[in-house]
Amino acid sequence: EAQVTQNPRYLITVTGKKLTVTCSQNMNHEYMSWYRQDPGLGLRQIYYSMNVEVTDKGDVPEGYKVSRKEKRNFPLILESPSPNQTSLYFCASSPQRGASDTQYFGPGTRLTVL
Amino acid sequence: GDSVTQMEGPVTLSEEAFLTINCTYTATGYPSLFWYVQYPGEGLQLLLKATKADDKGSNKGFEATYRKETTSFHLEKGSVQVSDSAVYFCALSRSGSARQLTFGSGTQLTVLP
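Chains as they are written, first to last, in this note's numbering: chain W, 29 to 142; chain G, 1069 to 1181.
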């Protein structure tokens, strides 16, 4: 089944404790991205990657890191989480970065930083 | 910069009622327009899209027409069901922009039996 998977689905952590949220897609997509969803703000892009070893900042990259060592995986790293990073996070992928391409979303990771 | 403005929610309707969720956009050039739906506890999934002016996207009884003259992409359905209860996001994507999708803030729809 074609899908985007994220782990963990739920995470409660404390300020400053490094964490990684994994994202994997099995559709051989080139383009992957991370979003955060906050009430009243819709989804905002954190980082994106056009291909292996090619990553760039989205709208809200502060406090986050990413890497793209393999085509299928695009982990999101919070090296020193803070309470303002409490949010619902989505990974997404699409065949390419074309304007008409559909993005396929993972199920989401709900992160709480205490 | 690019932006999408959606009708404020939440919206509550009775089953079989007519649905309209307004969406307007600001973007240079000719963006592609999308409606994504998020069912409770799930990720977003594409509902429909339109890639050029006057195109109509349709799926599962939902429709939206790309109106360049009014920069709008309103979502409509003639008869909603309880199973349509979800959050609906309007979004745009523009060639030449590094950001693939710009989202509206989302509209929560609840359909009562």
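Because the hints were derived from the structure by calculation, they are not lab data. Take these hints with a grain of salt, some might be off.
Cβ pair distances, simulated, as ranges [as the list claims (entries may be wrong)]:
hint, chain 1, residue 1, chain 2, residue 2, range
1, W, Asp84, G, Thr1096, 14 to 22 Å
2, W, Ser110, G, Thr1094, 27 to 35 Å
3, G, Gly1069, W, Pro67, 17 to 25 Å
4, W, Lys93, G, Asn1090, 21 to 29 Å
5, W, Thr43, G, Asn1127, 41 to 49 Å
6, W, Pro123, G, Lys1128, 37 to 45 Å
7, W, Arg138, G, Ser1163, 19 to 27 Å
8, G, Asn1127, W, Ile40, 48 to 56 Å
Taking beta-carbon pairs under 7 Å as the criterion, some of the chain W residues facing chain G (in silico) [as the list claims (entries may be wrong)]:
hint, residue
9, Gly68
10, Val88
11, Gly91
The C-beta atom is built at its ideal place from N, Cα and C for all residues, glycine as well.
Evaluation of the provided hints:
1. W:Asp84 to G:Thr1096: 14 to 22 Å: holds, 20 Å
2. W:Ser110 to G:Thr1094: 27 to 35 Å: The hinted range 27 to 35 Å holds for Ser110 of chain W and Thr1094 of chain G, with Cβ atoms some 32 Å apart.
3. G:Gly1069 to W:Pro67: 17 to 25 Å: Cβ of Gly1069 of chain G to Cβ of Pro67 of chain W: about 22 Å, so the range 17 to 25 Å holds.
4. W:Lys93 to G:Asn1090: 21 to 29 Å: 38 Å Cβ-Cβ, so the 21 to 29 Å window is violated.
5. W:Thr43 to G:Asn1127: 41 to 49 Å: holds, 43 Å
6. W:Pro123 to G:Lys1128: 37 to 45 Å: violated, 23 Å
7. W:Arg138 to G:Ser1163: 19 to 27 Å: Because 33 Å falls outside the window, the suggested range is violated.
8. G:Asn1127 to W:Ile40: 48 to 56 Å: About 37 Å separates the Cβ atoms of Asn1127 of chain G and Ile40 of chain W, which means 48 to 56 Å is violated.
9. Gly68: holds, 5 Å
10. Val88: The hint is violated - Val88 of chain W has no Cβ within 7 Å of chain G, the shortest such distance being about 11 Å.
11. Gly91: It is violated, given that the least Cβ distance between Gly91 of chain W and chain G is near 18 Å, above 7 Å.
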